[in-house]
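Model the full assembly from the supplied sequences, consistent with the hints where possible.
Quick mapping for you: the protein sequence lines, in order, are chains A and B. 529 is the number of the first residue of the first sequence in the working numbering; add one for each residue after it. 387 is the number of the first residue of the second sequence in the working numbering; add one for each residue after it.
The hints are simulated quantities; they were obtained by calculation from the structure and are not laboratory data. Bear in mind that the values here come from a model prediction, so they are computed numbers and not experimental data. For each residue, glycine too, the CB sits at the ideal point set by N, CA and C. Incorrect hints may appear among the rest.
Unchecked claim - Heads up, simulated DMTMM-like pairs for lysine to aspartate or glutamate below, C-alpha to C-alpha not over 25 Å straight-line:
| # | chain 1 | residue 1 | chain 2 | residue 2 |
| --- | --- | --- | --- | --- |
| 1 | A | Lys529 | B | Glu488 |
| 2 | B | Lys454 | B | Asp442 |
| 3 | A | Lys637 | B | Glu404 |
| 4 | A | Lys529 | B | Glu404 |
| 5 | A | Lys599 | A | Glu582 |
| 6 | B | Lys410 | B | Asp443 |
| 7 | B | Lys454 | B | Glu404 |
| 8 | A | Lys629 | B | Glu404 |
| 9 | A | Lys529 | B | Asp443 |
Claimed, not checked - If you anchor each label on the Cβ, the simulated ranges turn out as follows:
| # | chain 1 | residue 1 | chain 2 | residue 2 | range |
| --- | --- | --- | --- | --- | --- |
| 10 | B | Glu448 | A | Ala607 | 25 to 33 Å |
| 11 | B | Val398 | A | Leu542 | 32 to 40 Å |
| 12 | A | Leu610 | B | Met425 | 17 to 25 Å |
| 13 | B | Arg395 | A | Gln550 | 31 to 39 Å |
| 14 | A | Val573 | B | Asp442 | 36 to 44 Å |
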Amino acid sequence: KNQVEQSPQSLIILEGKNCTLQCNYTVSPFSNLRWYKQDTGRGPVSLTIMTFSENTKSNGRYTATLDADTKQSSLHITASQLSDSASYICVVSGLPGGYQKVTFGTGTKLQVIP
Amino acid sequence: DAGVIQSPRHEVTEMGQEVTLRCKPISGHDYLFWYRQTMMRGLELLIYFNNNVPIDDSGMPEDRFSAKMPNASFSTLKIQPSEPRDSAVYFCASSPGGPHGELFFGEGSRLTVL
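This is the structure we're talking about:
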């Protein structure tokens, strides 16, 4: 069964600090992996997409990494801001294509405090 | 573009009542999805449409749930009769498709069944 596991479940950090969120998956064969940010009371919004051949991608203060061999991804947030407080959801798409093959993690809830 | 529009944002109803949730996808997107999000299970795909045709409804919990997409700009998710365990946030999302199609989520409809 395809699974996506995220850690930690929740995290509290001080404003200005860095943090790293983890995502392990068993989806195979692999197509792509996305990180979504979900603010409280809002819908998820895509931050990055990683395909098989990519191992690092940045979007401002967010940097995602992918190790397709170990089936692991991480999302690193640099110089955190209060607005980074949200849930971060790892979403993995498998092959063959089709949205039935999309598996969601349960998310990491990040709280950035002053 | 206004994004994916969902209504109502909040719905409180009594057990046994009919609930109808509505969604307007982003114009030009060929795919429309209904998801349910709970603390315990995260985001779960209920059903998705391609060009107004239901493709996969295997995630629909039971016959009490039904979804329609009468045209490219409107979809409904209906629960009849509703039960307390249906309480969740229901998200509609749309996508332009393609092998790495990003999901664009609405703000969600928070349903509470008493």
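Against the structure, the hints come out as follows:
1. Lys529/A x Glu488/B: With Cα atoms ~23 Å apart, Lys529/A and Glu488/B stay inside 25 Å; holds.
2. Lys454/B x Asp442/B: With a Cα-Cα distance of about 12 Å, the restraint between Lys454/B and Asp442/B holds, given a limit of 25 Å.
3. Lys637/A x Glu404/B: Violated. Lys637/A to Glu404/B sits at ~33 Å, over the 25 Å cutoff.
4. Lys529/A x Glu404/B: violated, 34 Å
5. Lys599/A x Glu582/A: At roughly 13 Å apart (the allowed maximum being 25 Å), Glu582/A and Lys599/A satisfy the hint.
6. Lys410/B x Asp443/B: Between Lys410/B and Asp443/B the Cα gap is close to 19 Å, so the pair holds against 25 Å.
7. Lys454/B x Glu404/B: Judged against 25 Å, a Cα distance of about 15 Å means the pair holds.
8. Lys629/A x Glu404/B: Status violated; Cα separation ~31 Å.
9. Lys529/A x Asp443/B: holds, 19 Å
10. Glu448/B x Ala607/A: 25 to 33 Å: violated, 47 Å
11. Val398/B x Leu542/A: 32 to 40 Å: With a Cβ separation near 38 Å, Val398/B and Leu542/A satisfy 32 to 40 Å, so the hint holds.
12. Leu610/A x Met425/B: 17 to 25 Å: Holds, at about 23 Å.
13. Arg395/B x Gln550/A: 31 to 39 Å: holds, 33 Å
14. Val573/A x Asp442/B: 36 to 44 Å: violated, 24 Å
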